[in-house]
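**Student:** Take a look at the letters that make up each chain.
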Amino acid sequence: MSKPLKQIHLAAHFPGVNNTTVWSDPAAGSHIEFESFAHFARTAERAKFDFLFLAEGLRLREQGGKIYDLDVVGRPDTFTVLTALAAVTDRIGLTGTINSTFNEPYEVARQFASLDHLSAGRAAWNVVTSWDAFTGENFRRGGFLAQEDRYTRAKQFLTAAHTLFDSWRGDEIVADKETGRFLRDADAGSFHHRDEHFDIAGQFNVPRSPQGRPVIFQAGDSEEGREFAAATADAIFSRHSTLDAGKTFYTDVKGRLGRYGRTADELLILPSATFVLGDTDAEAHERAREVRRSQVSGQTAIKFLEQVWNRDLSAYDPDGPLPDIDPDTGEHTVARGRASVRMFRDPTATAREWRERAEAEGLSIRDLVIEAGNRQTFVGTAATVAETINSFVQADASDGFILVPHVTPGGLDEFADTVVPLLQERGVFRSEYEGTTLRDHLKIAVPEPGADRETAARTAS
Amino acid sequence: MPSSPPADPSSSSAAPPSSQPLHLAVALDGTGWHPASWREPGARPDDLLTAGFWTDAVLEAERGLLDFVTFEDSLSPQSSDRERLDGRTDQVRGRLDAVLVATRVAPVTRNIGLVPTVVATHTEPFHLSKAIATLDYVSGGRAGLRVKVSAAPHEAAHFGRREFPALRADELTAPRGQALVEELFDEAADYVEVVRRLWDSWEDDAEIRDAATGRFIDREKLHYIDFEGRHFSVKGPSITPRPPQGQPVVSALAHAPVPYRLVARSTDIGYVTPHDATEAAAIVLEVTAERERAGLGTEPLHIFGDLVVFLDPEPGSARARKERLDALDGSALTSDALVFTGTPSELADLLIEWQRAGLSGFRLRPGTVDHDLPAITRELVPELQERGAFRRSYEASTLRGLLGLSRPANRYASAQA
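Chains A and B supply the protein sequences, listed in that same order.
Quick note on the UniProt record's numbering: the first sequence kicks off at 1 and runs consecutively.
Quick note on the UniProt record's numbering: the second sequence kicks off at 1 and runs consecutively.
I should point out that these hints are in silico values taken from the structure, not numbers from a laboratory.
Cβ coordinates follow ideal geometry from the N, Cα and C atoms, glycine included.
Among these hints, one or two may not hold up.
[What the hints assert, rightly or not] Computed spacing ranges between beta-carbons, pair by pair:
no. : chain 1 : residue 1 : chain 2 : residue 2 : range
1   : B       : Arg110    : A       : Gly142    : 37 to 45 Å
2   : A       : Gly142    : B       : Pro153    : 24 to 32 Å
3   : B       : Ile208    : A       : Asp317    : 22 to 30 Å
4   : B       : Arg161    : A       : Arg311    : 38 to 46 Å
5   : A       : Arg345    : B       : Glu299    : 19 to 27 Å
6   : B       : Arg293    : A       : Ser222    : 38 to 46 Å
7   : A       : Gln394    : B       : Pro153    : 33 to 41 Å
8   : A       : Glu434    : B       : Asp205    : 43 to 51 Å
9   : A       : Arg345    : B       : Asp226    : 29 to 37 Å
10  : B       : Ile208    : A       : Arg426    : 41 to 49 Å
11  : A       : Thr248    : B       : Asp46     : 30 to 38 Å
12  : A       : Arg181    : B       : Arg392    : 40 to 48 Å
13  : A       : Gly143    : B       : Ala212    : 34 to 42 Å
[What the hints assert, rightly or not] Listing some non-contacts, in silico: residues in chain A with all C-beta distances to chain B over 12 Å:
no. : residue
14  : Leu277
15  : Arg292
16  : Leu363
17  : Glu432
Pulled out of the complex, with its shape left as it was, chain B reads as follows (with noise of 0.2 Å):
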């Protein structure tokens, strides 16, 4: 459950079965996450700039009745290399805007969760904002949004308004980089704030439509956000009215201390990594605590463990599959998140470990999509599903009901009542 105090790892093979069933989502990366996916017989490297590529894998996805999708994006060609652009030819390059590709499948999907990768470092919240709000509005209360910061010198230079310097990954968690890292984080979360004040700076019932006096709104119901920050400052009220949903869903990727604190402050859902159930209760508990530390500690809060998967019913074959794809590219696919090869139900058994330590639900990156998300939604979730560990049907209609988060009452309306 949202923030209930995680088990202790130690003793997990002893816990009884969790009462609450997990949560999963995918995260759609152009064909996979595998960077030669591209090249497997049954995927659509052609597609991927079409809306029906993204219909096809969002519907797969609600098939399997998952509680969302995330779409990754960024303000770059991709690249192998997380700094600078690497020059290849061999790999995906190009993708369309997330928060749009999202938009786009709404209406022809029903129930899922759709959750568009946001770059906070170079994007306006007002602008942000409105178009979550509409996404909600369009998708009938199913809108999230992931928010990422961008350190890169080189997207900088696309808005040509800042710099920064170009910094290795050891160089990040020097003070040098470290300082950068904080100011993005920060930012990031002055982001979100603002981006959610937005949300209620028009009261539920703020149009009225009143023939008596003329009057198409109650100004009284709309507020001015008065935001000033240090990169920004932001006067409100959005042009907007609250999303179906009041707040839609913020999540955000973490993978330390800084991030961490963003995720405990600012989000509903943060993605971890931990390469096993003891590092995922860690996490766990250092992100409940940072939660506590902001007073936030009655807030619910769903931590996700991330995964890549490559799932096969037959022992070896995913990992056959993988090695098959890392000699394709080149070399052998790393990743911040575990790299998992294996059988549905060998991942049903650690998911519902890692369950146990803490984790209120998974973000699977499919290796391949053609193959690794259907085998989600028709292998992994049954397999789920028989042991009690997942839905087996839609139990509601927004996002926010089916992570159990309840309709947020509108900060404005209250601080007046």
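So here's chain A without its partners, still in its complex pose (with noise of 0.2 Å):
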């Protein structure tokens, strides 16, 4: 007997900062105005999207000691701009990336319950963390966190915040005019944290909001990252969209679930994907071409390669060979505020092996960029891209994907129009809402108050 069909979740991200979107096509709008962002949400909502998401970068990043000036650069506040899309949408869950290294767990939380009433209940946490000193600049606290101390300082925050989301219970507003009761207990939103990077204590003032507490999603792919996802979170972000990593990523993180007396459906597992479209395979992978070379300009080119050298590049020819010389393996000075810089964990052997590969295909400097960098993920017809979605969704690769188009705010339209249909007669992916709520969405329980205060008192221990 054959499994059930799994249905695909699936979420858009608007990019903020970023070096994907192609801010010179004709087509591209801004990325500030709310304009942009209301059209974006409605698009996705139109095609019953789960979520909208949003990254977060708290300082613009430099290279040699300038600000970066080649990427789509400024963005809006997360909490404010969601809100203010809830007020344009009704259904779609509303998912924003907020650090836990330089926030504070009562203000966190404060907005989060106040996004989830404001949105009547769409709101989700992506936990991000932060250690280093460069973004701290910009707070109070500056930077004040060992790298290895991040994961113990987000467990923290977010059992703290647990406990003040948990610190109502729902019940406590009567408001009875007749008897002159506000409040059923007077106690109402009491709670009391104390560890090692917290020791917070008062009264919570955001009453229970309508999914208890926002749904919390992970993004974090070090032993550490999938570890506190699989203990915490709802949701995971990942990278690994191809098949064989999507299924490897898949079997590892859901195995972990077991330890912390949960079932593999109580994660879902969302790798962040991109597509191009076309009437034909050909002409789609044609436009996928066109993509990329509007993605990587010569310059843009030049500064990648500089991240992974941590040199100056500058006097290179970015249509001609790879620099001959080796990365600079010291303190990595050249490229600030820049997650990808450590995804290269072994620079010499990344340029070693790029030299090689060029110099076996006849890449320049430019084509070279434009291979390695390729993340493109879904490439062909809306029926092929369709059909490459379900495979991977039904082969546990994933349980769906978040969407980045490479131009906003109109390039998940045509998604909308032509693939989401085709999955819709699949019978893969609903075709209209079934619920009001973004838990409602991702089938994922309001958790009772003080449920999971064993598990998040365990993980943080």
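Each chain sits in its own coordinate frame; assemble them with the hints.
**Tutor:** Pasting the structure below:
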């Protein structure tokens, strides 16, 4: 007997600061004006997506001691733009990346609980960590955290936030005009949380929100990151969008849930994915090549190599061969505020591999960067892309995808109009929202207040 | 007019009517400023945590052509005791983040200014600067903020990073209390300075999308703010481009010389709480003098009078209503601001008299939202319009525009020019 068809989860990422948006495209609009966000959110909601997603970065990136100027730069505040989107949409989930390092639990819990109330149950929090002093220069605490402490603080931050969310059970407000009783319980919202990073106590002032607490998302691929997600998250974002890497990651992370008393359907795995559509598969591949060339100018290619080489390579010709010198393996000083740098854990080996490949295939610097940095996921006709997405999900390479268009705000429209109906025809994607909250869309239960304190405490220890 | 010398209050009755229309705001706080307001038949205490409640209230204020609404907030539950939680269960407790409430309302309103309260003492100016900038984008240039401080030990315990002594109101005026008050207000001034510098940290035309060079921004038009202060330092620039108004409107409530200094040096609007026209004139003189001492004498500053209002067309009925609410609450309403009960016409008289004393506008705190807010928009406003003292339509699309404030030049751009 064959397995029943899995239902696909789809979300959309409005890219903020990034190097993949093709801003020179005539169709590209503002990434700051609210109308862009509203258009994007309405498209995602029209397509019955689970949620839309915003990333965060709290300091402008620098390279060679100067603000990096080749990428899309500048973004609005996450909480604020999501709350405004709640006014122009009805169902779509609103997921914000909020850093646990340069915030305090009382304030963040308040903002998420407020967003959940103001959106009638659509808030989600992608919990991320930071440690670098570079970003810390914008905040009261400064760069106070050792890198190895960042997950400790994140776990304790999340535990503290859960304590605050759970400090109201949901039945305290009586508001009986006749008797004059507003609160059932004068202690509503009382909390106390103490650990290495936080010693806080008092009364939380936002009553329990429609979802109890926001849906919790995690990104992070390290051993610690996977374990953190397995213990605490409702969904995990991954980078593994190829079939084999996806299956390996999926098996690994779902296999960790048992030790936290959780089942495989309690954590969704949602890789981020790009797409390029065309009338024929060949046309889509041609468009995809154009997109890549638009994303990687000659200057962008040189700057990208500098991030790996950790050296000034401005004298090199992007249309010429790769540098024959090795990367500077000392402290990374060229690029700051850029997570991608950490992906190349052995720059010398990466450089050698790229040089060999460029020589063998006759690639220039720019060609190599286009090829090496290519993370295009789904390329083809709508039918091809729908079939590929479905086959990945049915093969347990993921539970769905977070789609990142290369043009905003209209880059999702074509997908919504052509791919989504095909997934609906196959019976693997909803045609209407069944519920109103993000938990409804993700099929995640509203937690009982305090139900997971034990788990949270175990995680924090 | 902002910063204009106040008229002599002793001759106010003889003074000609001000040629300047007055400005009008309402302060929204739950079901109203009377602690028993939630028990009124028309009150909606069950809806306080919904978007609909706030949308309805702000749309009502916009119907009355008001300049802006403020949203109260604090980092702990409401309390009838300023220094500690009171443990009461017969008043509204619990509320939503004011910045987010203002933002939720922004896309469904068109003209009215949106001014949430922000506690400078425990929050990050970097986060707040981008949040208000975003509110300004979302609202098309209608954002402001009201900055306040918190000396409450129980609020500090919510953050676990600072400790404040428990001081009664009378101890706040003693030397130990004054030192704390000065510290908190100096910190708030630094906070506003950081927020303002961050708004200017991108020049208006920093985003260039220059396909020829591949540059998305001109980094020469982005600026480090390099702020160093006693309580925090902030490098900058902001991650959010300069907001539509350039500088959203900054405001603060002030009752004494130290907060008057914050108003004079750091804000565009100060809310003050005189109890008569003479006191209003004296406060205006004091704040204006402080502004001049700070070298900002030529910069416009609005000084708004705050009033708690109960309005009914029939003489005596507003007072009776307030007394009925007092009885429900178990004590007579007291406030830092004058508690006005009377007819819309009587309130119009008072506002015009106080305007002659030098105030440029008023922030009215409705005793009950369900009754007194529509009384302001549907009875007081027409009364003022008939006297030529209030606008008949919105004449600007931004909050600065409504307040007669021009869009400021960018401090960093002008420094280079």
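**Student:** If a hint holds in the structure, say so; if it doesn't, say that too.
**Tutor:** Now for the hints, and whether the structure bears them out:
1. B:Arg110 <-> A:Gly142: 37 to 45 Å: Distance hint for arginine 110 of chain B, glycine 142 of chain A holds at roughly 42 Å.
2. A:Gly142 <-> B:Pro153: 24 to 32 Å: With a Cβ separation near 25 Å, glycine 142 of chain A and proline 153 of chain B satisfy 24 to 32 Å, so the hint holds.
3. B:Ile208 <-> A:Asp317: 22 to 30 Å: holds, 25 Å
4. B:Arg161 <-> A:Arg311: 38 to 46 Å: holds, 41 Å
5. A:Arg345 <-> B:Glu299: 19 to 27 Å: violated, 54 Å
6. B:Arg293 <-> A:Ser222: 38 to 46 Å: Between arginine 293 of chain B and serine 222 of chain A, where Cβ atoms are some 56 Å apart, the hint is violated.
7. A:Gln394 <-> B:Pro153: 33 to 41 Å: violated, 58 Å
8. A:Glu434 <-> B:Asp205: 43 to 51 Å: Since glutamate 434 of chain A and aspartate 205 of chain B have Cβ atoms about 47 Å apart, the given range 43 to 51 Å holds.
9. A:Arg345 <-> B:Asp226: 29 to 37 Å: holds, 34 Å
10. B:Ile208 <-> A:Arg426: 41 to 49 Å: Holds, since isoleucine 208 of chain B and arginine 426 of chain A (Cβ atoms, about 45 Å apart) stay within the stated range.
11. A:Thr248 <-> B:Asp46: 30 to 38 Å: This hint is violated: roughly 50 Å between Cβ atoms.
12. A:Arg181 <-> B:Arg392: 40 to 48 Å: Roughly 45 Å apart at Cβ, these two residues keep to the hinted range, so it holds.
13. A:Gly143 <-> B:Ala212: 34 to 42 Å: Hint holds: Cβ distance 37 Å, inside 34 to 42 Å.
14. Leu277: holds, 24 Å
15. Arg292: Holds, because the least Cβ-Cβ distance between arginine 292 of chain A and chain B comes to about 15 Å, which exceeds 12 Å.
16. Leu363: Its Cβ never comes within 12 Å of chain B, the nearest being 20 Å, so this holds.
17. Glu432: holds, 23 Å
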